[in-house]
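Asks: If you want the building blocks of each chain, they are given just below.
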Amino acid sequence: MLTCPCCGVQAEETEFVPGGEAHIKRVGSGSSEQDFEAYLFHRKNPKGIHVERWRHAFGCGKWFHVIRCTVTLEVYGAYSAQTFRPPADICQTITDKHPDWSWS
Amino acid sequence: MRRMTRYSVFAVVRKAFRHHVGWERAWNAPEPKKKYEVIIIGAGGHGLATAYYLGKNFGIRNVAVLEKGWLGGGNTGRNTTIIRSNYLQDASAAIYERARSLYEELSQDLNYNVMFSPRGVMMLAQTQHEIRGYKRTAHANALQGVETEFIDPLRVKELCPIIHISGPRYPILGALWQPRGGTARHDAVAWGYARACSDMGMDVIQQCAVTGIRQESGKVVGVDTSRGSIDCSKLGIVVAGHSGVLAEMAGFRLPVESVALQALVSEPIKPCMDVVVMANTVHGYMSQSDKGELVIGGGADGYINYTQRGSFQHIEETVRALIETFPIISRLRMLRQWGGIVDMTGDRSPILSRTPIEDIFINCGWGTGGFKAIPGSGWGFAELIAKGVSPLCDAFSLNRFREGRFIDESVAAGVAH
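As given, the protein sequences belong to chains Y and C, one line each in that order.
If you read the first sequence in the numbering used here, its first letter stands for residue 1, the second for the next number, and so on.
If you read the second sequence in the numbering used here, its first letter stands for residue 1, the second for the next number, and so on.
Chain Y on its own, in the form it takes in the complex (with noise of 0.2 Å):
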């Protein structure tokens, strides 16, 4: 179950459509080619907290950001796509269960 920021509805999974790592910043012209290489195809991957893009497809179609555990599939919530970093209180419900995350 995820809520969408942007509607407030909570639907299934089914409604959503995943995309993928979030606040991935694109490199500019100039930039080298590992750069390049990390920017289009290195991924966290991590096995624990992830924070990824989601699009509310058959609901109000924005796309905004969730953290969730790709362990546990627990979901510490869901915020703006509008942002480059997550909102202090939702980190601050991570560490608290879990003390070595940190955002970076």
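Sample of chain Y residues at the chain C side, in silico, Cβ under 8 Å:
(1) Thr-14
(2) Phe-41
(3) Arg-43
(4) Asn-45
(5) His-50
(6) Glu-52
(7) Thr-70
(8) Val-71
(9) Leu-73
Honestly, the hints are just simulated from the structure, not real lab data.
All residues carry an ideal CB built from backbone N, CA and C; glycine is no exception.
Following the hints, put chain C in place on chain Y, whose structure we already have.
Replies: Below, chain C without anything else, positioned relative to chain Y:
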């Protein structure tokens, strides 16, 4: 080193007279030594095959295969056992066809019955686009020396009478037919390789999780494990879904994402199909096992998942699609369902490569189609570890992502493998 008794019909008869008492263990369970020449992490099919061909083709027998869980308990025991090599690109066709042809003689080679059954694999064309795609693949296969042909719907019906070829939504318009493809007993492949490795004096060490990779001046010197630290000169990482975790230990990143792929089997029924059928448009593939169960493979999740179980809707989708193609299965009950963690690369082709760290080699990214490649992958990867170069693996290097030399199979082969 005492060699294992060979299995044969005479051995079975002999043991039968002794009430089957005294069969020896199929492989040893040794304690780890202090140092090995080569350590392979991951005792699945690919890892064990690598160790086997290191010993057989290159005489490197001071090898340990470390396994976190039990032998062949990852994706080797979780796939749908389909073996085929009808790939479009030359590099893929070469490695998969090597694998398929090795499968043909694997039982004799390993002295272990892997039950390879070349019953034929057909990939259904259900859209105009697929017809064009498969015809192109058939032509490419002809040039590569892989025996495939494009067949018409009537021939499909003849080969697999239970198919409903004029379905309302996706009628069968033809199929890509590989008569020498088929299935094998998946556990037996891992067990057979493990036994053969053990026979050569290699150590297959189960329940030994790698917790760290030790390096000195950019070169690997050993691994830390749950059963102590072990030194090695060369390290091969062959851990499928957990490749990213191991790569992080070693300090590099991979162009890989791990997702859950699911499969399920029905209750056993009388023989009703003697070919493997894959329907890529609707994401479902099916074959009948020797026990009579229909083995069904489904779609993968779109998000990263390490749970070894997938979403329910994919099963629903797969079964819905298959019922349309095979109306007779609509009343069957499903016996069990499982998921495996597959490592998907950007171009859906595997990685068999050196890594940024000297003497660490990685074999991963087989995604949804690793089982069929086990002998070929082991053959090539062993050559890569032993010699540092391998013609079979060249195209599958990590550098291809930086250099843009993708092996773009996803267009031709579809996501279902």
